[in-house]
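Engineer: Sequence:
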Amino acid sequence: MRFMVSSVSFTFCSWNVRGLGDNKKCANVLSELLSLNPSAVLIQESKLSDITPFKAYSFLPRSLDHFNFKAAVGSAGGMVSAFSSSHFNISQSTQQSYCLSNFVDTLADPSPIKITNVYVPTDHSLKDDFLLALTNDAPDAQTPWIIMGDFNLLRSHEDKNSGSFRQAEADKFNDTINALALLELPLLDRRFTWTNNRESPILEKIDRVFINNAWNTCFPNFNLSSLTRFTSDH
2 MRFMVSSVSF
12 TFCSWNVRGL
22 GDNKKCANVL
32 SELLSLNPSA
42 VLIQESKLSD
52 ITPFKAYSFL
62 PRSLDHFNFK
72 AAVGSAGGMV
82 SAFSSSHFNI
92 SQSTQQSYCL
102 SNFVDTLADP
112 SPIKITNVYV
122 PTDHSLKDDF
132 LLALTNDAPD
142 AQTPWIIMGD
152 FNLLRSHEDK
162 NSGSFRQAEA
172 DKFNDTINAL
182 ALLELPLLDR
192 RFTWTNNRES
202 PILEKIDRVF
212 INNAWNTCFP
222 NFNLSSLTRF
232 TSDH
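Per this note's numbering, the very first residue in the sequence shown carries number 2; after that it's consecutive.
Check the hints yourself; a few may be wrong.
[Unchecked claim] When the alpha-carbon atoms are kept at most 27 Å apart in a straight line, the in silico BS3-like pairs for lysine-lysine are as follows:
| id | residue 1 | residue 2 |
| --- | --- | --- |
| 1 | K48 | K128 |
| 2 | K128 | K173 |
| 3 | K161 | K173 |
| 4 | K48 | K25 |
| 5 | K26 | K56 |
| 6 | K48 | K26 |
| 7 | K56 | K25 |
| 8 | K161 | K128 |
Derived from the structure by calculation, the hints contain no laboratory data.
Working from the sequences, and respecting the hints, build out all of it.
Structural biologist: What follows is the structure, given as structure tokens:
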């Protein structure tokens, strides 16, 4: 799913694009981002092992003039985080397993905020690694923190329309969320964020946005909305 996270100050777009190797796909992503005009974009599943500036601007608007990436492993995974210098200055970028984080300063306030891009593989044996990485990535409680992306994890039975549900895995996910004192931004205009596109589809909510209390205090009016599914099963 593509979604926008918005406030009066800036907007984020998070998008699992399912690969950026094809030139036509890159052109379509660029066109969509130009129309959305976000302050920052967090892309999951780039499936790119390297991204040169020339490649980046085949799918990123010129306004998103600061970017960094986490390389795909073979043709799996990969993330890109890109920011507009009209809104943000990047002070530090870090990588954990399945996380790409940036400390940025807004032009209105030099105090750092942390923005984490997440892509978790579907392999259930890797979920614990991700939860540990997310825990290790947490900033101090005073630093505003937002985490968004494709978690490939469910929190409850209501996050899936049919099929098996892994309760123990959901419990671990919820325990980590609670231990980190994270709040999930509600998605009010869509129940599910992914489909397997079958005749009798499986639908799941696996794309999410979390914030900590410091973020909620600094930016109390953030809201989350979905966008029409485009070039992807999200």
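Engineer: Hint by hint, note whether the structure agrees.
Structural biologist: Structure-based check of each hint:
1. With a C-alpha separation of about 20 Å, the suggested pairing of K48 with K128 holds against the 27 Å cut-off.
2. A distance of roughly 9 Å separates the Cα atoms of K128 and K173; the hinted pair therefore holds under the 27 Å criterion.
3. With a C-alpha separation of about 17 Å, the suggested pairing of K161 with K173 holds against the 27 Å cut-off.
4. Note on K48 and K25: the hinted pairing holds, with a Cα-Cα distance of about 15 Å set against a maximum of 27 Å.
5. Annotation: proposed proximity of K26 to K56 holds, straight-line Cα distance about 12 Å (limit 27 Å).
6. Using a Cα cut-off of 27 Å, the hinted pair K48 and K26 holds, with the two alpha carbons roughly 12 Å apart.
7. Taken as a hint, the K56 and K25 pair is honoured in the structure, with Cα atoms around 13 Å apart against an allowance of 27 Å.
8. Under the criterion of a C-alpha separation no larger than 27 Å, the hint pairing K161 with K128 is consistent with the structure, at around 18 Å.
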